[in-house]
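Chain order of the listed sequences is A and B. Those letters in the first sequence? Residues 1 to 716, by this note's numbering. Those letters in the second sequence? Residues 1 to 216, by this note's numbering.
No lab work stands behind these hints: they were computed from the structure. Treat the hints with caution; some may be incorrect.
What the hints assert, rightly or not - Taking CB as the label site, the calculated pair distances span:
| # | chain 1 | residue 1 | chain 2 | residue 2 | range |
| --- | --- | --- | --- | --- | --- |
| 1 | A | S388 | B | D98 | 20 to 26 Å |
| 2 | B | K175 | A | S295 | 37 to 43 Å |
| 3 | B | K30 | A | T29 | 34 to 40 Å |
| 4 | B | K210 | A | L294 | 41 to 47 Å |
Note that CB positions come from ideal geometry on N, CA and C, so glycine has one too.
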Amino acid sequence: MKNILIILLIIAGIRVEAQNLVEGFVTSTKGDSLPGVNVYLKNTYDGTSTKVNGYFSFKTSATGNQTLVAQSVGFKKREFPVVFNDGPIEIDIELKEAIDQLNAVTITAGAMEASDAKKAVVLKPLDIVTTPSAMGDIIGAFQTLPGTSTVGNDGRLFVRGGDASETAIFIDGLQVGNAFGTTASNVPTRTRFSPNLFKGSFFSTGGYSAEYGQALSSALALNTVDIPLRSQGDISIMSLGGGYTQTLVGKNNSITASANYFDLSPYQSLIKQDFDWERSPYGWDASLAASQKLSNGGMLKAYFQKESNGLKLWQKQPGEAGRGTLIGIKNKYTYAQSNIKLIGKNGWSYTGGASYSDNLDQFDLDSQMVSQQNRLIHLKGVAIKDFSDAISLKTGVESTWSSYQETLVNEGLSRDFLDQRYNVFLESDYYLSNQLIFRGGVRSGYSVLNDEFWIDPRASVSYKFEHEGQMSFAYGTFSQLPLERFRILNNNLGNTEAEHFILNYFISKSGRTFRAEAFHKSYDNLVTFNGYNQAPEDISLSGQGYAKGMDFFYRDRKSIKETDFWITYSFVDSKRKFDSFESQVQPSFAPRHNASVVAKHYVSFLQSQLGMSFSVNDGYTYTNPNLPGEQNAKTKSFQDMSISWSYLPKPNLIIHLACSNVLGRDNIFGYQYGQEANESGLVPGMPVVQGAPRFLFLGIFLTLSSDKSANQLNNL
Amino acid sequence: MKKYTFIIALYFIGIVNLMANDSAYVEAMKSQLEKFEAAKSAEDFQAVANGFSRIGEMNATEWLPMYYTAFSLTKAGFRTEGVKEKDAFFKQAQDLIDKAVNQHGENSELVAMKGYALMGELSVDPGSRGQHMSGLVMNTYRKALSYDPENPRAMILMAQMEYGTAKFFGQGPEKACGMAKKSLQLFELEASTVNDNPLAPKWGKDMAEKMSQQCQ
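Kindly generate the complete structure, drawing on both the sequences and the hints.
Below, the structure is given as structure tokens:
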């Protein structure tokens, strides 16, 4: 009897622990079954995961009021109150998609990113140094992207019918003054900054964010490396010079010091040049970068670079005998910047920074000594607030001080101006879902020098299709003050203006990327003048014009084994009235058809990467004074095929050999004409040519580190 | 009757005890670890990860549930198909390890697991991720070994990474094989040492054995 009672009690005891069943289905708000969802009772061990059809069921001994939780990555976590009486609980759950900014739609209109972290990426940072035609110059790699045209006698970035000054360059959001080295006319220049400094870049060919201004066509935002991977020393020995970089990395901080020297004399004495050099280009640079991690994700960075270089060159004048005019250039450049990122509470974060650029050019033009100095200080503070995963707001204040001075040294004549600019911008991102995003912004500015206030609205929208492709549209107006050489002659010159409309389709899937973009850009208030380029008169803002067209980009890393290639085609139809042109003409820097192919192939048994790039356009327009009209002639097609060979015999050693224009094509970038007709009644002209048929580059890069697999490419 | 009351009382105390006792945690973990052993597909590992994550919710002071959740997610990542899908698993695992490090401080096992998840991410697209990630992965394993030079898992994972790198550069696998051999010794050492924590990570010996065989 007693035993029976005990057994009964035990059974009763089990009943206390009676198992209640919980079951149901989990679906998304769109009605799709969701597998792998974690469904459980809060504060108990009881729970399960949903099956392929979204079904779940589990037993629990919990009683009374409980909370049922359903959780899955990519969806908002939901909690439901449930009450356990006797009997099972049936509950069907709908989960709402969370905005996952890493995988959600992005605005791709006008934008091309090079990054390792983001999704809608066109290039990887590494691609910048391994593009054969780039010769290690950041801009060289961007010239293989859609929307750009190669202007081989200049070297800077020309975007969609815009001239080079219409592209502004930013480092960590701060404006860089004189980002390109100073050079003589028709001698191509390079960026001053080493690609190794940057972890990623954002290149916009139009319609860009309200955060950026003073650029009619394009913004290039470069982001510096936070903390390098490891302590190491990098030695580079090149056909043009050499350098050493030492990196020291601590737990939360790092410092990198670098010094480089180059001199083209030995190279140019070996390889015949078409330019008549009196003194080949030479120079040195030194830089120091430091970063410190701050608590909870903040970061403090500082960068300093100083460089000095020079050249002397005889430039033949059309119709004149002899070597022509001797041009000497000495350039001194300093760039310094510091920026801080702080993570606040309640979804706030802040960035602030200051940059300083100081560029001094001393020209010796046939014994006429001219010196020009640009100084730029840019201060910027930005606050970002994430209201939720769907809405964020970015607002910032900027102050820019720019000064310009030019001096005729022998005559002791000098003139200068100082401008202060203030900008405020506000921009908001609103994700309606993971498929649809709106961005609206406004940028306002005030310039003290010409006492002008302006407002530029910007807006974009992007939609992501089921098949992963996305469609973006961007609109914006853009303001840019004219070049210093015009402003110094007329302080009252206001903004030149542009308006962009951009429609973009982008898809990146399993190793293949396709991008197509159509655009229309209208220009207003462009600078016009009378007389010669060197001595403009009657400067005013009475020019206008347009650029329209479309471009295509296809990149494929899958179809051919160990091979990565991209193909770009850009069509630009641009005409503008500017400078001393009397009508709207096609500018010489805006060829109509531009195409390039870049291919890289890794050959394991050679431990080598072979690279090839080919660029072509349909020729540059120019004005032949012997014919009626303006921009009435066009050069033959520009073509360049460059190849490179990177050999990695050991992980810490790279030998890089590159050659531009291997086919030796005699490219012509335009014609220069004399000022008066000769006896035969014709104005004499001469072609603007390349410095040499080919440019050959040999570099040996050795990395010294306790980690034997380290090489300089790993830094990128 | 008193006797029954006693039994009943005992019974309830038992239940209450069971609820409050750590052994519930240990039991749950052990049961989940068994499921881990049995798991085959990405879906299985997702379910196991969910299980560990539930245990983690109940035991915020323990780092092992998060560690094993991350491990399960990494395993799922290796087994699923598609770049986006794989990345999602590896990213979740990495985030979880970061969270665990934030809450419980860094230790050799957590750092090694981070390295494993990073290696997973690298393996999705070695062609384009290898250059910038291989150094990071190696550094992470090196850090794990600096916390505990005798962590056999950090050693064998590093050996695998080294093996891949050497192969890429067309070099011999000697260094990697040396590491694999060393890790086998460390596994022996681990097995012979008494660990009072029955849930402490013990996995990885099969990797070491497999690689040692490849090396012969």
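Here is how each hint holds up against the structure:
{"no.": "1", "hint": "S388/A x D98/B: 20 to 26 Å", "result": "holds (22 Å)"}
{"no.": "2", "hint": "K175/B x S295/A: 37 to 43 Å", "result": "holds (38 Å)"}
{"no.": "3", "hint": "K30/B x T29/A: 34 to 40 Å", "result": "holds (38 Å)"}
{"no.": "4", "hint": "K210/B x L294/A: 41 to 47 Å", "result": "holds (44 Å)"}
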